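Chains as they are written, first to last, in the working numbering: chain W, 1 to 399; chain G, 400 to 777.
Please note that a few of the clues may not be correct.
What the hints assert, rightly or not - Simulated restraints on C-beta separations:
#, chain 1, residue 1, chain 2, residue 2, range
1, W, 211, G, 774, 36 to 44 Å
2, G, 730, W, 139, 43 to 51 Å
3, G, 774, W, 285, 20 to 28 Å
4, W, 274, G, 696, 17 to 25 Å
5, G, 510, W, 285, 43 to 51 Å
6, W, 139, G, 725, 22 to 30 Å
7, W, 139, G, 414, 19 to 27 Å
8, G, 608, W, 274, 44 to 52 Å
9, G, 700, W, 36, 48 to 56 Å
10, W, 345, G, 698, 31 to 39 Å
11, W, 276, G, 510, 52 to 60 Å
Stated by the list, open to error - The calculated lysine to aspartate or glutamate pairs, modelled on DMTMM-like cross-linking and capped at a C-alpha distance of 25 Å, are:
#, chain 1, residue 1, chain 2, residue 2
12, G, 504, G, 651
13, G, 569, G, 541
14, W, 290, G, 539
15, G, 569, G, 621
16, W, 290, G, 502
17, W, 290, G, 765
18, G, 504, G, 697
19, W, 396, W, 181
20, W, 124, W, 181
21, W, 186, W, 220
22, W, 51, W, 14
23, G, 569, G, 539
24, W, 51, W, 39
25, W, 124, W, 14
26, W, 238, W, 283
27, W, 206, W, 14
28, W, 206, W, 110
29, W, 290, G, 621
30, W, 113, W, 37
31, W, 396, G, 675
32, W, 290, W, 220
33, W, 290, G, 588
34, W, 290, G, 541
35, W, 184, W, 34
36, W, 396, G, 722
37, W, 290, G, 651
38, W, 150, W, 139
39, W, 124, W, 216
40, G, 569, G, 588
If you're looking for bench data, these hints aren't it; they were derived computationally from the structure. For clarity, every value in this text was computed on a predicted model and none was experimentally measured. Glycine included, each C-beta is placed from N, C-alpha and C at the ideal position.
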Amino acid sequence: MDFSYSPEECRFRDDLRAWLRDALPEGWGRTVFEPEEEEERAQFRLQWDRKLFAGGWAGLDWPTQYGGRGASLIEQAIFAEETARARAPMGLNIIGRNLAGTTLLHHGNEAQKQRYLPQILSGKEVWCQGFSEPNAGSDLASVRARAVLKDGRFIVNGQKIWTSFAQYSQWCIALVRTDPDAPKHKGISFLLIDMSSPGITIRPLKQISGESEFNETFFENVEVPVENLVGGLNEGWKIAMTTLAYERGPEDAMARQIRFGQELDGLIVWLSRQMRDGRPAIENPGLRQKIARSLADLEIVRLNCLRSLSRLLNGAPRGADTSMIKLFWSHAAQNLYETALEALGPMAPLVAGDRLAPANGAFILSYLQSRAFTIYSGSSEIQRTIIGERMLGLPKQRI
Amino acid sequence: MNFDFEQEQYAFRDSFARYLAQAFPRGNDGRLDRSDVNFDEEWNALAELGLFALLIPENYGGIGLSFVDLSLIVEELGKVLAPLAITDTLVATDLILRFANEELKQSLFPRIAAGECRIAIAILEAEAGYDPAACRTVLESEGNRLCLSGRKILVPHAARADYWLVVARKADTDEPTVLLIPHNAPAPDLRSHESIDPSCAHGELIFDRLPVDPGTVLDGHEAAVRLFDVSATVASGLLLGLADTSLNLAVDYARQRVQFGQPIGAFQAIKHRCADMAVAAESSRSATYYAFWAIANDPPDRSRTVSIAKSFTGETAGSICNESIQIHGGMGFTWELGLHHYLRRCKVLEYSHGDAAFHRERLVTEAIAAIERQNDMA
């Protein structure tokens with residue numbers, strides 16, 4: 001057991017810190033923030049993706065032959081920590097880098113890797129994820145969007161939902177049914193769909209936070225060349241599982257715990273300056289207990305990530321422990337934002353735009369956003385089933 | 400960076416677990432009955448294995464391991480509900496090593512290593528809470544001698560200890576300090592407690608101006624805080640172990656017990672509960688192993704790390720013990736099945752060495768101070 005970093009890892013961290021200091025505007029995260037308007041914000045995030053690429057920080061863990069940096073898992077964890085600590089913007093092409101790219105690295109053929117990976121890293125092509133459908137949510141394997149192979153191309157018909165960033169994307173990784181007669185897990189294929197193809201309609205969905213990050217996406221006789229099939233025909237389910245393991249992984253949670261921690265620190269500072277019922281709000285013992293609980297939870301998210309990364313480094317495969325990581329951080333974060341609202345007390349209902357809103361409504365926006373944490377990337381109920389069956393060996397329910 | 404144990408540490412744990420399985424035989428139903436408090440055979444078996452020499456440095460004839468090496472061992476002791484005198488003696492070894500004078504080390508270490516010296520930890524008081532600085536047992540000078548007055552409660556195996564490691568407050572400075580009081584004449588009064596876990600053989604110690612040899616004082620505030628941190632970490636390790644056993648019993652039962660034509664573990668109502676328990680146990684493991692690393696390596700945030708582990712693992716273990724009984728249904732509530740042994744030990748440990756509320760308050764106080772320091776610098 002060793003929590004120290006090697007000289008190379010320390011140098012990596014120092015280089016990254018120095019680069020972030022130069023790359024981010026003066027006063028970033030304190031007086032200068034992301035644009036509030038959504039379209040502007042998306043473009044700002046895309047510019048950040050391109051800046052990272054220009055600085056040599058995109059695709060850290062990817063092999064150098066595809067434009068990556070070939071970095072170690074530890075360096076990835078350092079990257080996640082430092083960019084979060086610097087409050088660097090989230091990129092726009094998160095799905096491209098973390099999901100599409102990673103899946104192609106594992107299951108794509110050489111031509112696909114050559115064609116797509118460099119464009120993902122450079123931020124030239126943004127990706128979205130066409131997995132969920134109105135009738136295939138937690139039961140993802142019951143996707144119904146059909147793809148029929150005809151004259152060297154797939155003809156795709158159907159509807160996807162919760163397709164984040166579809167409105168900004170050039171490409172989509174999609175799960176489609178290619179064999180309606182096979183058992184449901186065995187009739188799915190994994191396609192790369194050009195979002196500029198004729199027959200695609202995108203309709204934004206407004207979320208409870210008021211934002212419209214995700215969409216409904218409709219496919220009507222959309223033609224997809226056969227070379228855009230990843231892996232074998234009807235082998236899409238296995239490939240999708242790789243995608244999901246990376247979506248829930250420790251690299252993701254590592255960055256999140258830092259961002260949550262920054263908000264918690266901000267809450268403590270706010271409370272220290274606030275009077276409540278005749279005494280400083282920070283002295284409320286009930287609130288202090290809940291804040292402490294969140295402090296502990298966030299540290300445990302970090303420690304869970306470090307243990308998981310160490311297991312991976314020591315040769316263990318990416319397994320169901322990613323479900324544990326996701327289940328724990330998502331509920332820890334929801335508890336944190338519940339506590340934040342309780343801490344704001346009478347000010348809690350004020351949102352951005354009201355001059356009295358604490359932190360210009362940041363806490364309450366995060367609270368609303370946090371309701372999605374236990375739903376996306378596999379709902380908590382799905383994670384619990386995965387943990388119960390794959391880690392604890394409990395039987396599947398017979399219906 | 401590697402938050403994992405070495406292969407040798409796992410191998411050592413495995414052989415220790417096999418040894419424990421023999422030394423602590425299980426009943427026919429696979430569960431433990433630890434109500435027999437006469438544990439001489441078990442103690443001697445562990446001494447023979449060399450458990451008590453592990454933390455003692457090589458120049459005192461020991462093995463010179465650290466608490467990182469011992470964390471998996473403590474967890475195994477927790478799994479079998481081993482008598483607390485065993486881990487109390489390990490904690491005391493650490494304190495003696497760091498704070499006792501040379502003479503005391505020379506005289507005690509060979510005896511500890513040989514298993515001839517049981518040390519019981521006496522921290523709790525009826526009216527003092529958990530903060531070592533708030534204790535009311537007082538060490539004062541009378542003429543040219545020191546004497547100790549006060550009451551310590553819930554001392555595990557108090558009557559069978561060779562020494563008691565006692566926290567007291569110095570009358571002149573008001574600072575807490577740690578004393579190693581031998582169990583010989585003149586001795587404190589001793590009363591047996593009635594407690595939820597009879598296998599702990601809890602006792603109350605009553606000191607009435609008991610003369611104290613100044614050579615047995617492990618002096619300083621830091622000794623008292625370290626004793627608190629090490630004890631809390633070891634308690635977390637034991638809680639982790641017993642939670643792990645409770646969880647495994649629940650999962651095994653859910654796999655086997657058939658109702659409505661299928662194993663109850665197939666139903667989400669049970670499966671999801673087991674999953675939540677497993678996540679809580681795994682998270683306790685992360686927190687507790689890190690606390691063991693912290694007490695072995697003494698980073699500046701040692702106390703914070705310990706408080707995270709003890710607050711989280713204490714509550715987690717409590718809820719896992721409760722859930723395990725629930726999943727076993729009516730059988731879970733029977734004395735015979737024995738799940739209550741885990742629950743009982745859990746309650747003792749949960750409320751020793753700082754409960755969740757105490758540790759959280761310590762944690763948040765420290766966090767606020769750290770943020771203020773940061774803002775002052777900025």
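The hints, checked one at a time:
1. W:211 x G:774: 36 to 44 Å: This hint is violated: roughly 31 Å between Cβ atoms.
2. G:730 x W:139: 43 to 51 Å: Check failed, 34 Å falls outside 43 to 51 Å.
3. G:774 x W:285: 20 to 28 Å: Distance hint for residue 774 of chain G, residue 285 of chain W holds at roughly 23 Å.
4. W:274 x G:696: 17 to 25 Å: The hinted range 17 to 25 Å is violated for residue 274 of chain W and residue 696 of chain G, with Cβ atoms some 38 Å apart.
5. G:510 x W:285: 43 to 51 Å: holds, 46 Å
6. W:139 x G:725: 22 to 30 Å: 28 Å Cβ-Cβ, so the 22 to 30 Å window holds.
7. W:139 x G:414: 19 to 27 Å: violated, 46 Å
8. G:608 x W:274: 44 to 52 Å: Hint holds: Cβ distance 51 Å, inside 44 to 52 Å.
9. G:700 x W:36: 48 to 56 Å: Since the Cβ atoms of residue 700 of chain G and residue 36 of chain W sit about 37 Å apart, the hinted range of 48 to 56 Å is violated.
10. W:345 x G:698: 31 to 39 Å: This hint holds: roughly 36 Å between Cβ atoms.
11. W:276 x G:510: 52 to 60 Å: Cβ of residue 276 of chain W to Cβ of residue 510 of chain G: about 57 Å, so the range 52 to 60 Å holds.
12. G:504 x G:651: violated, 46 Å
13. G:569 x G:541: holds, 12 Å
14. W:290 x G:539: Distance ~40 Å between residue 290 of chain W and residue 539 of chain G Cα, so the pair is violated.
15. G:569 x G:621: With a Cα-Cα distance of about 14 Å, the restraint between residue 569 of chain G and residue 621 of chain G holds, given a limit of 25 Å.
16. W:290 x G:502: Violated - the C-alpha atoms of residue 502 of chain G and residue 290 of chain W are around 47 Å apart, more than 25 Å.
17. W:290 x G:765: Distance ~15 Å between residue 290 of chain W and residue 765 of chain G Cα, so the pair holds.
18. G:504 x G:697: holds, 21 Å
19. W:396 x W:181: holds, 23 Å
20. W:124 x W:181: Violated: residue 124 of chain W and residue 181 of chain W sit about 39 Å apart, past 25 Å.
21. W:186 x W:220: Given that 25 Å is the threshold and the Cα spacing comes to 24 Å, the pair holds.
22. W:51 x W:14: Holds, at roughly 18 Å.
23. G:569 x G:539: holds, 6 Å
24. W:51 x W:39: holds, 18 Å
25. W:124 x W:14: violated, 28 Å
26. W:238 x W:283: violated, 52 Å
27. W:206 x W:14: At roughly 41 Å apart (the allowed maximum being 25 Å), residue 14 of chain W and residue 206 of chain W break the hint.
28. W:206 x W:110: violated, 39 Å
29. W:290 x G:621: Roughly 29 Å between the alpha carbons, so the hint for residue 290 of chain W and residue 621 of chain G is violated.
30. W:113 x W:37: Since the Cα atoms of residue 113 of chain W and residue 37 of chain W sit roughly 35 Å apart, the hinted pair is violated (cutoff 25 Å).
31. W:396 x G:675: Cα-Cα ~17 Å, so holds.
32. W:290 x W:220: violated, 51 Å
33. W:290 x G:588: violated, 42 Å
34. W:290 x G:541: violated, 47 Å
35. W:184 x W:34: violated, 43 Å
36. W:396 x G:722: holds, 21 Å
37. W:290 x G:651: Judged against 25 Å, a Cα distance of about 34 Å means the pair is violated.
38. W:150 x W:139: violated, 28 Å
39. W:124 x W:216: OK: residue 124 of chain W and residue 216 of chain W at ~23 Å, within 25 Å.
40. G:569 x G:588: With Cα atoms ~21 Å apart, residue 569 of chain G and residue 588 of chain G stay inside 25 Å; holds.
Comparing the model with each earlier hint shows violations of hints 1, 2, 4, 7, 9, 12, 14, 16, 20, 25, 26, 27, 28, 29, 30, 32, 33, 34, 35, 37, 38; every other hint is respected.
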